[in-house]
Amino acid sequence: MPLFTRFRHLPDPDRATTDDPVSDDPVPEEAPDEATSIESTEGEPSREEAIKEEPIRVELSKGGPREDGPGKDGPGKDGQSKDEPIRDDDPPPAESTPDEQTSDEQTPDKQTPDKQTPDKQTPDKPTPGAVPVRGSVARGLWAKYPRGARVLARSVSVLAAVAVMFALLMPGDVAYFRPRQFLRLPAEAVLGAALLVVLPRRRPRAVVAVLMGVGLALLVVLKLLDMGFNQFLGRDFDLVLDWELLDDTVSYLQDSAGRTGALGAVVGAGVLGLALLVAFPLAVLRLAGLMTRNRNTAVRTVVIAGTVWITCSALGLQLFGATSVATRNTFALVEERGQRVRAVLRDEAEFAGEVREDAFADVPPDELLTALRGKDVIFAFIESYGRSAIEDEATAPGVGAVLDAGTASLREAGYSARSGWLTSATYGGSSWLGHSTFLTGLWIDNQSRYRTVTTGERLTLTGAFRRTGAWRTVGVMPGVTKNWPEGRFYGLDRVYDSRDLGYRGPKFSWSTMPDQYALTAYERLEHGRKHDKPLMSELILTSSHQPWAPLPEMLDWDDVGDGSVYRDIEKAGKDPADVFSDGTEVKREYGRSIQYSLRCLIEYVERYGTDDTVLVFLGDHQPVARVSGNGAGHDVPVSIVAHDPEVLDRIAGWGWADGLKPGRDTPVWRMDAFRDRFLTAYGPQPEGGAGAPTPASTPAPASARAH
1 MPLFTRFRHL PDPDRATTDD PVSDDPVPEE APDEATSIES TEGEPSREEA IKEEPIRVEL
61 SKGGPREDGP GKDGPGKDGQ SKDEPIRDDD PPPAESTPDE QTSDEQTPDK QTPDKQTPDK
121 QTPDKPTPGA VPVRGSVARG LWAKYPRGAR VLARSVSVLA AVAVMFALLM PGDVAYFRPR
181 QFLRLPAEAV LGAALLVVLP RRRPRAVVAV LMGVGLALLV VLKLLDMGFN QFLGRDFDLV
241 LDWELLDDTV SYLQDSAGRT GALGAVVGAG VLGLALLVAF PLAVLRLAGL MTRNRNTAVR
301 TVVIAGTVWI TCSALGLQLF GATSVATRNT FALVEERGQR VRAVLRDEAE FAGEVREDAF
361 ADVPPDELLT ALRGKDVIFA FIESYGRSAI EDEATAPGVG AVLDAGTASL REAGYSARSG
421 WLTSATYGGS SWLGHSTFLT GLWIDNQSRY RTVTTGERLT LTGAFRRTGA WRTVGVMPGV
481 TKNWPEGRFY GLDRVYDSRD LGYRGPKFSW STMPDQYALT AYERLEHGRK HDKPLMSELI
541 LTSSHQPWAP LPEMLDWDDV GDGSVYRDIE KAGKDPADVF SDGTEVKREY GRSIQYSLRC
601 LIEYVERYGT DDTVLVFLGD HQPVARVSGN GAGHDVPVSI VAHDPEVLDR IAGWGWADGL
661 KPGRDTPVWR MDAFRDRFLT AYGPQPEGGA GAPTPASTPA PASARAH
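Residues in the sequence shown are numbered consecutively from 1, following the UniProt record's numbering.
Accuracy of the hints is not assured; some may be wrong.
Here are the simulated EDC-like cross-link-like pairs (lysine to aspartate or glutamate), alpha carbons at most 20 Å apart as the crow flies [as the list claims (entries may be wrong)]:
id : residue 1 : residue 2
1  : 661       : 603
2  : 661       : 412
3  : 533       : 612
4  : 661       : 244
5  : 661       : 366
6  : 223       : 247
7  : 507       : 493
8  : 507       : 392
9  : 223       : 244
10 : 571       : 559
11 : 661       : 649
12 : 507       : 606
13 : 533       : 523
14 : 533       : 644
15 : 530       : 493
16 : 661       : 606
17 : 482       : 247
18 : 223       : 366
19 : 661       : 393
20 : 482       : 244
21 : 530       : 585
22 : 533       : 347
23 : 507       : 497
24 : 223       : 336
25 : 482       : 493
26 : 482       : 559
27 : 571       : 553
28 : 530       : 611
29 : 507       : 562
30 : 482       : 497
31 : 533       : 611
32 : 482       : 248
33 : 574       : 585
34 : 507       : 575
35 : 574       : 553
36 : 507       : 559
37 : 507       : 457
Here are the simulated distance ranges between beta carbons [said to hold, decoys possible]:
id : residue 1 : residue 2 : range
38 : 324       : 649       : 55 to 61 Å
39 : 484       : 313       : 52 to 58 Å
40 : 575       : 295       : 54 to 60 Å
No lab work stands behind these hints: they were computed from the structure. Small disclaimer: the values here were computed from a predicted structure and weren't measured. All C-beta atoms in this analysis are idealised placements derived from N, C-alpha and C, irrespective of residue type, glycine included.
Please construct the entire structure, taking both the sequences and the accompanying hints into account.
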């Protein structure tokens, strides 16, 4: 490869004058040698030819070695070209501006680097300990604002570490969001850091970091779902069974907050999910890079953290006497959810066998419900009518007063009542699970079980009335807005959904119509008409459905009409968002909604009931945890009202309380026990006495709870 060398004449020291400004700056001895040789690549024009063909380009770099300084091509500090020798009689160079000062003046001992060809320029080496900056814009900002860039880089690293720790320590229940929850040391963080430190190659380390980040993002999504389900349904999210409930959640949002609000919630959830899937991998990648650049420090930190975790775990150290310092919650969560998934898959096969085992499947029709022949029987579900409505100090006074007054007014009308407790299979929502548990005599606490039983031929309580051929069976379902094929499974001859009841008024949040209107429609369409058979009716009332705003008001029964009278009432009602966001207000409005539904039923019986009327009404589940409180249980009240004393005599052995309000010491049964007890009490009497349960229907202990 040809080598072209040019020589530069330096002034004679003996001829230099004391006032020559150039002589004040000592020139390193190697500078001339390092700056006087340029190697040209093969096939490229020589340096002299390049200089002839195009003008010399000068680049100034603030704060770094100047390419136009002494020993460089192009005009230097003294304004002379390198190709021209320095003459003794040259005039002193003009004084340079501060921006043109070279780094050599600031650090005289620093040597000027070699000039290289443009295609072989060596990139600037980062300062030891600095965070590498990629991109020309980023490098420019880093060079212009080094202090701010370092602060920003460190802040991002700290934020990444905080995000990872937050994901690992974040609880799945709002009730456990306390500062001490985040003052613990997770084993997952220690082991994850150790794995990133020991991986020898960059590519495997990056892959592992991304996978860790995706795992953390999914962990946060799962915990957010747990928080929502615990807040509303009192249980964690089921990874197998609960996905289809998300569609019901969107429908609920549309009914409660409108289409725009529901769309905003869905879009917001999607954006949040994508943001988590991007942010956490980037966070782990950043921490992995930081540990790689500071490997020794990272190793020492991991060893110390591991030692602290083992020590705290072995000694059982706790914060504030309740929170363990050393934790492995994420490992425990993954293990528990894995076991639950296996249990759900195993349960599907076992439950199919339970459905086939039915003590009443082969009972002849003429032996079913013999004690109720000729009676108009009504099964009414009151939405969210739970034990907390009667016992919580915020709602008990109002609800209790309505029950006591109702007991007295019904007694004056010739009716008697007895009440007890049932433990619902659901909590805070999924009302259909409570309905199906009550009517099938099976514990149906998830969608898989519901699907299994409703696609079979299990004898339901309502279906037993139809099997006898002695009743016309109807259902009034104002909350059903689409076709409902389950009506056939429940043995209903006719189902009236929200489209069949002739309502012309406004919706009240989720509720399609007030309970009072639904009852007047039932009276107009079925109960008030003449039939050749008595009626067995299933009514599902919805006015006490969350969010409990706006609420309808009791009207004179003759003024209900087609429901248009409710328009002004709905407009004057409270805003659902304002009510649900206020913990005190939401309890108050919940209590008012239960009072309204109870008054509707009680007044309906007093106004339209007959000597043959038998009313069984109950709650489907407790209200959400925001109202009922954490650990409130799944108990709901149940009452039987009848004009004929013999009807209540049949259940004298149940131990229920007199009146519409069960006592604190009233027996509690699981809800799936009611079907067999009811069919036994009102069928041919067994030798054990009135209402004695068959072995298959013996309820589980009251302490049993499903979560």
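Structure-based check of each hint:
Using a Cα cut-off of 20 Å, the hinted pair residue 661 and residue 603 holds, with the two alpha carbons roughly 17 Å apart. Proposed proximity of residue 661 and residue 412 is supported: the alpha carbons are some 17 Å apart, at most 20 Å. Distance check on the hinted pair: residue 533 and residue 612 sit about 12 Å apart at the alpha-carbon level, within 20 Å; holds. For the given pair, residue 661 sits about 36 Å from residue 244 by alpha-carbon distance, which is inconsistent with the 20 Å threshold.
Our distance criterion of 20 Å between C-alpha atoms is broken by residue 661 and residue 366, whose separation comes to about 34 Å. Note on residue 223 and residue 247: the hinted pairing holds, with a Cα-Cα distance of about 19 Å set against a maximum of 20 Å. Taking the CA atoms of residue 507 and residue 493, the gap is near 27 Å; set against the 20 Å cutoff, the hint is violated. For the hint linking residue 507 to residue 392, the alpha-carbon distance of about 29 Å lies beyond 20 Å, and the restraint is violated.
This hinted pair checks out: residue 223 and residue 244 have alpha carbons roughly 18 Å apart, not beyond 20 Å. With a C-alpha separation of about 18 Å, the suggested pairing of residue 571 with residue 559 holds against the 20 Å cut-off. For a cut-off of 20 Å, the pair hint linking residue 661 to residue 649 stands: about 18 Å separates their Cα positions. Pair hint residue 507 plus residue 606 does not hold up; C-alpha atoms about 27 Å apart against a cutoff of 20 Å.
Between residue 533 and residue 523, the direct Cα distance comes to roughly 16 Å. Compliance with the 20 Å bound is thereby established for this hinted pair. Between the alpha carbons of residue 533 and residue 644 the distance comes to roughly 18 Å, so the proposed pair stays at or under 20 Å and holds. Between the alpha carbons of residue 530 and residue 493 the distance comes to roughly 16 Å, so the proposed pair stays at or under 20 Å and holds. The straight-line distance between the Cα atoms of residue 661 and residue 606 is roughly 18 Å, inside the 20 Å bound, and the hint therefore holds.
Between residue 482 and residue 247 the alpha-carbon distance is near 15 Å, which keeps this suggested pair within the 20 Å criterion. With a C-alpha separation of about 53 Å, the suggested pair residue 223 and residue 366 falls outside the 20 Å cut-off, and the hint is violated. Pair hint residue 661 plus residue 393 holds up; C-alpha atoms about 15 Å apart against a cutoff of 20 Å. Taking the CA atoms of residue 482 and residue 244, the gap is about 17 Å. The hint holds against a cut of 20 Å.
For the hint pairing residue 530 with residue 585, the CA-to-CA distance comes to about 45 Å; that exceeds 20 Å, so the pair is violated. In summary, the hint linking residue 533 to residue 347 is not supported, as the alpha carbons are separated by about 41 Å, beyond the 20 Å threshold. Taking the CA atoms of residue 507 and residue 497, the gap is about 14 Å. The hint holds against a cut of 20 Å. The straight-line distance between the Cα atoms of residue 223 and residue 336 is roughly 14 Å, inside the 20 Å bound, and the hint therefore holds.
Pair hint residue 482 plus residue 493 holds up; C-alpha atoms about 17 Å apart against a cutoff of 20 Å. At roughly 28 Å between alpha-carbon atoms, residue 482 and residue 559 are farther apart than 20 Å, so this suggested pair is violated. For the hint pairing residue 571 with residue 553, the CA-to-CA distance comes to about 12 Å; that is within 20 Å, so the pair holds. At roughly 16 Å between alpha-carbon atoms, residue 530 and residue 611 fall within 20 Å of each other, so this suggested pair holds.
Using a Cα cut-off of 20 Å, the hinted pair residue 507 and residue 562 holds, with the two alpha carbons roughly 13 Å apart. For the suggested pair residue 482 and residue 497, the alpha carbons sit about 8 Å apart, so the restraint of at most 20 Å is met. Distance hint between residue 533 and residue 611 is fulfilled; the C-alpha atoms sit about 15 Å from each other, no more than 20 Å. For the given pair, residue 482 sits about 13 Å from residue 248 by alpha-carbon distance, which is consistent with the 20 Å threshold.
Between residue 574 and residue 585 the CA atoms are separated by roughly 11 Å; this keeps the pair inside 20 Å, and the hint holds. Only pairs whose Cα atoms come within 20 Å are accepted, and residue 507 paired with residue 575 is accepted, the gap being roughly 13 Å. With a C-alpha separation of about 13 Å, the suggested pairing of residue 574 with residue 553 holds against the 20 Å cut-off. Between residue 507 and residue 559 the CA atoms are separated by roughly 18 Å; this keeps the pair inside 20 Å, and the hint holds.
Among the hinted pairs, residue 507 with residue 457 is inconsistent with the structure: their alpha-carbon atoms are about 35 Å apart, more than 20 Å. Evaluation of the 55 to 61 Å hint for residue 324 and residue 649 yields a pass: the beta carbon distance comes to about 57 Å. Judged by the Cβ atoms, the range 52 to 58 Å given for residue 484 and residue 313 holds: they are separated by roughly 54 Å. The supplied range of 54 to 60 Å is met by residue 575 and residue 295, whose beta-carbon atoms lie about 58 Å from each other.
In summary, the numbered hints that this structure violates are 4, 5, 7, 8, 12, 18, 21, 22, 26 and 37.
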